[in-house]
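Novice: From just these sequences and the hints, can you work out the full model?
Number of protein chains: 6
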Amino acid sequence: MNAPLTSAISRYPVPQLADVPADIREKILAVQEKTGFVPNVFLALAHRPEEWRAFVAYLDAVMNRDTAPGRLSKGEKEMIVVATSAANGCLYCVVSHGAILRIYEKKPLLADQLAVNYRKADITPRQTAMLAFAMKVCLDSAALAEADFAALREHGFTSEDAWDIGAITAVFGLSNRMANLTAMRPNDEFYLMGRVPKSPNATRASGA
Amino acid sequence: MNAPLTSAISRYPVPQLADVPADIREKILAVQEKTGFVPNVFLALAHRPEEWRAFVAYLDAVMNRDTAPGRLSKGEKEMIVVATSAANGCLYCVVSHGAILRIYEKKPLLADQLAVNYRKADITPRQTAMLAFAMKVCLDSAALAEADFAALREHGFTSEDAWDIGAITAVFGLSNRMANLTAMRPNDEFYLMGRVPKSPNATRASGA
Amino acid sequence: MNAPLTSAISRYPVPQLADVPADIREKILAVQEKTGFVPNVFLALAHRPEEWRAFVAYLDAVMNRDTAPGRLSKGEKEMIVVATSAANGCLYCVVSHGAILRIYEKKPLLADQLAVNYRKADITPRQTAMLAFAMKVCLDSAALAEADFAALREHGFTSEDAWDIGAITAVFGLSNRMANLTAMRPNDEFYLMGRVPKSPNATRASGA
Amino acid sequence: MNAPLTSAISRYPVPQLADVPADIREKILAVQEKTGFVPNVFLALAHRPEEWRAFVAYLDAVMNRDTAPGRLSKGEKEMIVVATSAANGCLYCVVSHGAILRIYEKKPLLADQLAVNYRKADITPRQTAMLAFAMKVCLDSAALAEADFAALREHGFTSEDAWDIGAITAVFGLSNRMANLTAMRPNDEFYLMGRVPKSPNATRASGA
Amino acid sequence: MNAPLTSAISRYPVPQLADVPADIREKILAVQEKTGFVPNVFLALAHRPEEWRAFVAYLDAVMNRDTAPGRLSKGEKEMIVVATSAANGCLYCVVSHGAILRIYEKKPLLADQLAVNYRKADITPRQTAMLAFAMKVCLDSAALAEADFAALREHGFTSEDAWDIGAITAVFGLSNRMANLTAMRPNDEFYLMGRVPKSPNATRASGA
Amino acid sequence: MNAPLTSAISRYPVPQLADVPADIREKILAVQEKTGFVPNVFLALAHRPEEWRAFVAYLDAVMNRDTAPGRLSKGEKEMIVVATSAANGCLYCVVSHGAILRIYEKKPLLADQLAVNYRKADITPRQTAMLAFAMKVCLDSAALAEADFAALREHGFTSEDAWDIGAITAVFGLSNRMANLTAMRPNDEFYLMGRVPKSPNATRASGA
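Chains as they are written, first to last, in this note's numbering: chain A, 1 to 208; chain B, 1001 to 1208; chain C, 2001 to 2208; chain D, 3001 to 3208; chain E, 4001 to 4208; chain F, 5001 to 5208.
Treat the hints with care, since some could be wrong.
Below, a list of computed lysine-lysine pairs in the DSS-like style, where the Cα atoms sit at most 27 Å apart [stated by the list, open to error]: (1) D:3107 <-> E:4106; (2) C:2107 <-> B:1107; (3) B:1106 <-> C:2107; (4) C:2106 <-> B:1107; (5) A:74 <-> A:34; (6) A:106 <-> F:5107; (7) A:107 <-> F:5106; (8) F:5106 <-> F:5074; (9) C:2034 <-> C:2074; (10) D:3107 <-> E:4107.
No lab work stands behind these hints, which were simulated from the structure alone.
All values reported here derive from a predicted model rather than from experimental measurement.
Specialist: What follows is the structure, given as structure tokens:
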């Protein structure tokens, strides 16, 4: 009924780093340099180089967008990823982005809280409103209405913020489905990152 | 409660073609040349050029992938788009890709059938199995299991086909959410395309 | 798993027009005269003449009820049919009443909009409220409460209008289930009706 | 939030028996003669005589259809009504047809069992299969497939039996929605009927 | 597919009263003395004496708690049991506690109303609010929020009352699952209790 | 909309250890001795001593039951708690029993896997079958049928094992609802337990 008990990182063939196209390899090595290991998603999706490039470009576009003060912080973006990925039952994204979230926010409990029930997490009412909007995009986007945008505005979010929240949710909705399709396995390293005082080579994180 | 009665094509500002970055404008003009008009998605998403580029690259990667005989046909790919976009209540994608599907398959009734109930559509049992897999990726990917892949294999689908089905569903799951977020409006032209003998300038289609 | 790929109009035996009881044949011929063809529902349900008579009587009672100005228009009644039939996944009713709706409202795009997501359709806020009430009757009638009637009143609907909306939804809930049970196939003619300038013999419509 | 605590039998005006059209009054009096009282549905729906006539004709068509031995018994038809009406949260139909079921089957416990969980009721495996099919028509008719008909055939049901099961479910789906719309109240008499040795004037039942 | 047609009171072995531990037997005999028969739950769960003791202690703690005037009445507690047990499809609890509810409230119709649709029952708006809270604890406790407690306060309920409502719902959520697991059968006696003038030995009730 | 951002461990008053009844205090001190701290559930529920005693007795009855080899292990019991508590969105139980699970199984990744998607966890097919049964008891116990018990037997589970699985699920269904009702906060200590080499005073765990 389910994927076999295995340490395979994907249902599909996973290329050796030496065999992936040079531009992809270069980016993977850069992540490895920064994170200390290669997150499995970068190898698992490299089975299809063209899709890999589009996926990574999309992640960059929504997650690393230059944001002025008052816009979504990097930590808030990860909150959206963790909460909506949990709603989609995506083990890879909850574990890997939970790690990044803990590091960004320096709150070792937060990822576990958001993965189980965002309404019980140690976040602000503004962040709760952000996640309520994200969950609607995730689970019932057809019913999005002016009232949902108005609820964001009450907490000071602009319509551009609403786009950010929605786009992050949408991109990780894609990622969640690909991870579930391929039975993508999170690297063991992610589970502990950000829970204990960080080791020297984990100063910055890149999980997906 | 819902988006105002309007001919606006997006809740968000839509750039003039003259104002979009040159690489994007060039691609949009190419689509216009081929289709006879500019599908609204290309203008609505150009509000964010970086996301536009990633989105279009992803579409290319999953929809225009070179396929050997026996792999998913272009028409079958559009079937997946129409059926799963309907499940997500995405007006833009159902209408625009319904048009493309009618043109590819030369079956003027098929898109409407798939949009309402794929189990009642004029398709083969193999295509029904393809859509059942797509719907599971769309609606309950966390529960994907070996049995789902086995059901595809019974109809001759390979595991690469399964990836194709899943990836198309995942990319349009993203597209559906962005279209619902922005209240994206399909061009009026799409509604009739492929229903009547085609006009000279609609020989090829590009809907999203 | 699903009905075979076929041009059969029902899972059940379909009588020849010559073999149906005279009163039924007479009514069917009148519809044919008006519409230019016999909608399949009139033949498929004629397998059981008594049920046919009750069904047609019920349709007449709720759809052709004489309405004073300000009550539900004929087009609005068809909006209810299309939106709720789509929620029930009923291909026959969405396609046939979509055709009638296009003709009544002279809006070739409206039926497709309502079939995918009524919240995104080109309708008035009053009509959106009407459809929200209809969808609750369709999907969760046990929870109907005074607040639902009050929401209608805010848009000028009377309690008699509420009955109309509910009764149309209820009758087509029956029709949807019978069409799904019998795998009833819409006539090919319906798909194009009202999308292009009408032909002389399609001046009035009757889709059932 | 809900209908007021009241002994009103409908949210809508209920006509006096003297004021209903003669043909309807005659039928109502016949029911009263047989049952000992007038079931409220006959008065509540008489607010709209045309709909009343169609409704009663439909009930007759599906519930009183002459059935050869081996077809659905009168008691089995009432089982379908009770189980599906409970799924729709319809108080009127569960209570009134629960009474009739008890009388037909002479099993005072059966209606309560079916109203809570048909899988735990004192019925045969064949009847359980019948109700499983009815529940699918009630709750997810869009997904009806050959496998559902095959499951019925394994228990000796013909395709005509399948129509009967589906049509009863469909007609009471309509009735359930009208009863919920009007907040129709079951007569107090129904609650006890068939639970204790019957009184002389309740030899035959007619609940809706 | 379902438990066999049988008069067995449990899927599991049921001990003879003579074989249960003395402390349990003593309590069972006390119930029998009061009720006139031994409710099956006391025998079915005695298959595991330790669980039996904890279960009965929990019931006592939440159902027989000394309550000042203005707190939940015994009848109101049974309303919660019947409505939430119906939502869980638990035949045993609906039937046995429906009997107790009828006796406490001296309203022979109330249990059937609550089992089908609590919004249509002959209860006060305050009691409807109580049941709306109970249903949220039963069906979606993860989403419980301050607004739910505030809705109770509007009807004069304290936070201790909220605990009572929630705890009763939680304990019977356990009971419902054990009854469904064991296919526990309600005693035939329960079905009629409180519907007709009571017999001398049924002056007090104990159903679970 | 949700519980305020706070370090309070309950929406309700929490007694001081000195103020709880002696028998309860004694047990709490024993847990503290063993675990190194007092799990919040023992203080939060002590607001109602009688319920506390019944709750703890029930936990003992289902979690510490003497089990012969081949029966559910202590680790497997915790797997059930984590997976079903996640389905109920219960932060307290997922976090506290996740800690215990990690310690019993000596698998630091397992709890996070089960909390997100048990189908992707590093468990045996037998354990997956165990959790599939538990999830049905948790989410749809009304539909439990012989086929579910048969699926367990295929993996060597006895009917007594089925009771264990069901009873653990049922008791924690109660616990989950009480924790959600009271907005119970897990102790910070739990989040890290079992993820890193254990400290001397955490040799045994008791999370509730």
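Novice: Checked against the structure, which of the hints given earlier come out wrong?
Specialist: none
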